[in-house]
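> Keeping the supplied structure of chain E fixed, place chain X upon it in accordance with the hints.
2 protein chains.
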Amino acid sequence: MPLNEGFRKRALDELIEWLRITSVSSLPEHKSDVERAAEFVRQALTKAGMTRTELIRRGEGHPMVYGEWLGAPGKPTVLFYGHYDVQPPDPLDEWKSPPFEPDIRGNDIFGRGTSDDKGQTWIQVKAVEWLMERDGRLPVNVKFILEGEEEAGGEAITAYVGEKPPQLAADVVVICDTEMFAPEMPTICTGLRGIVYGEIHVEGPKQDLHSGVYGGAAPNPLMAVAEILTALKDKDGHIQIPGFYDRVVKPTDAEYAAWKTLPFNEAEYLEKEVGSAALTGEPGFSVFERTWARPTFEVHGIKGGFTGEGAKTVIPAKAVAKVSLRLVADQDPDEVVKQVAAAVEAACPKGVRARFVLLHGAGPSLVNTSNRFVQASAQAMEEVFGATTVYMRSGGSIPIVGTFAEHMGIPSVLMGFGLPDDNLHSPNEKFHLPNFYRGIESVALYLKRLG
Amino acid sequence: MPLNEGFRKRALDELIEWLRITSVSSLPEHKSDVERAAEFVRQALTKAGMTRTELIRRGEGHPMVYGEWLGAPGKPTVLFYGHYDVQPPDPLDEWKSPPFEPDIRGNDIFGRGTSDDKGQTWIQVKAVEWLMERDGRLPVNVKFILEGEEEAGGEAITAYVGEKPPQLAADVVVICDTEMFAPEMPTICTGLRGIVYGEIHVEGPKQDLHSGVYGGAAPNPLMAVAEILTALKDKDGHIQIPGFYDRVVKPTDAEYAAWKTLPFNEAEYLEKEVGSAALTGEPGFSVFERTWARPTFEVHGIKGGFTGEGAKTVIPAKAVAKVSLRLVADQDPDEVVKQVAAAVEAACPKGVRARFVLLHGAGPSLVNTSNRFVQASAQAMEEVFGATTVYMRSGGSIPIVGTFAEHMGIPSVLMGFGLPDDNLHSPNEKFHLPNFYRGIESVALYLKRLG
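Chains as they are written, first to last, in our numbering: chain E, 40 to 490; chain X, 40 to 490.
Zero decoy hints are in this set.
The list cannot tell twin chains apart, which means a pair is met if one copy fits it or any two copies do.
Straight-line distance between alpha carbons at most 27 angstroms, and here's what the computed DSSO-like set of lysine-lysine pairs gives:
(1) K377 - K351
(2) K357 - K274
(3) K487 - K86
(4) K311 - K351
(5) K389 - K245
(6) K377 - K357
(7) K274 - K377
(8) K389 - K274
(9) K70 - K86
(10) K274 - K351
(11) K351 - K135
(12) K135 - K245
(13) K86 - K48
(14) K311 - K299
Hints in this document: simulated from the structure, not taken from any laboratory.
Fair warning: this is a prediction, and the values are worked out from it, not measured in the lab.
Just chain E, same shape as in the assembly (with noise of 0.2 angstroms):
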């Protein structure tokens, strides 16, 4: 069922529009855009056909966009979720045209946002908008929750999500915010990682000692963080945290086999991607098992002392490591968090006291892909892009997966059709235009085939 030209040049048409809203939401200067863009998409919601909408918020921030067509009864209920925010544009002179006036270079739209994620919500509201147009009415029951602060921490769904508001009640999520695995095949993401992030504070003398004056009788708070973080992680990237790997699944045979099938080029992706001198990780597990299904231990940044021009020597009275951990399912959070604080007391050197920090916290998710609602996800995009659906996992974390599946107790479908080099929070950010196209094609077939 392809769409007609009518319909696509009307689609990129409105898409165009909504990108050109500045919907940077965390820059408060931009907050009055961020809320011109809720309403944008709310209003889209009703041309769509939705019988009710409403913003909804929790909190100080940007509003939620909620919209619902409940006529399928004995259906089952698609609860669609996307945002409508974006990361800021900078550096902005490495953009190649300006990120807020949409740009058509072949078969690309270059802009913020055309891919994360205002580009796929739109696949999403169009899908809906033209089954309506079509049937006048939907194969089954839909609601869409659409956020403003993904980019800026997700405060305000995390909160609403955890009232288990029975307006979001549903028997599946659907999430277009992902990639495919390679250009023209259709990919399912079956796996995000959670995350631990927090800091490492040291504390060790009482203020800022010339080297000169106590180097060999004072701790040094920096050298205190390098010896923790070689302790919680050895040099073959093997994680030293007592139990951290308990839970830890292994990918079934299945999911091997797929990963099998997908085309990749180790050579290709250290030369191409990383750009180091080699890839690291524990030895004995491929390069996908590392990235997408084993946990990992990283540092972000260590503060203390002194990094500008030339030379201080100073011995700083406090150093903080900023680190975190990805996971893998069944890891939790809350457990790593404990593991992970018990472990950097027990490496902190004499002479200085540590502790770890949380920041924030988020499960990993695995969806079955028995599941019928993968199923027919799979076939969808199988008979609109002519081609077998591959399903990977990615390292990455979407929080909101592990809320929903906690507090709502239903599974995520991540059919995403993003690509690899769409320079997501970077200059030049975009989006493949046939898979906007065949996006909406393959949400349409799906929801038909759920019905």
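Just chain X, lined up with the frame of chain E:
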């Protein structure tokens, strides 16, 4: 030969006038102030009886001030070294009185440069002036070389002394820029540690990577820095750089005996000076040995990734650690640079490139206390203070001492009149006025004894 009241008052009034000039050498906006401070002391040298004075320039920086009186043929020549530039005063709001409006409270004068080093340089100038006023001549030949870049790298004087200028020829350098071990305890500093200051540069991925997508396969330069640091120094503070300790000279029995006479309470030192949970450093060595007679390796700052508020999950492309090694006799900075560079490369983990980049180096120095210039200094201070002169070392570095030794082949006598709580480089820098006057008397008596 105590100073009379009139001389005391005039010496202090003039010092206050000099202290009001904001000669902060590292801040370009104070360039003309530094110049004014140089001219101020040049005129003071003329007034003190120097028969020739001049400003000497090397490079773009601040001038050196030279003065000489050579009217004692056959007698030794004493070269006084001091510096008229000062550290920046920040943080300003922690000063109880403005840094450049000297304030006398009790027996102390507060202000930037009071003890480091305008106050102590003024001791040298006024000692000469006083003798000249009393006797119409000096007992020895005297030269002054006063630097304006000591707090900003000291490039001009290093270049100048490297030329071995005949004008600087002397039998001994006298430096008043150190401190007494305790109040009422005249002190000669007999050893200084050298320094090698540099950066460990680590390069990993070609650009910053997302730790969700690449964590587990991509090398992390910050973690590599931690691994290199812990490879170069073990948990006991023992440095693991091959050959590093080979040239380290053990203090003599006489020196150990001298240190035993110094009043020192380790528990008090821990609580009042360091303020950490415990002291650290190589087992089997005392605090004096660890801070004066043993070399160190310290990290001062680690740059790379994200250290702002909140959570950013970046694997940085690069990381830099600022590090220094303090050296003791007979370690050689050039040799140590090679040893460190080799050790950094040897410790470089898989997947990244690491190298050591030198910022600057200076050799250690050790004074033979049986030297007659040292003996005369000890006796002069003993007479003025009415207490036995003690010998200590300093863990810090005064690179000019090594420069004079290397290029001019002359020893330095470090007779300092500061106190351990003078707040050098910090807010509320002070100088103990009784030490200012006794300093003038000690230096004058010292010249008489040499004559």
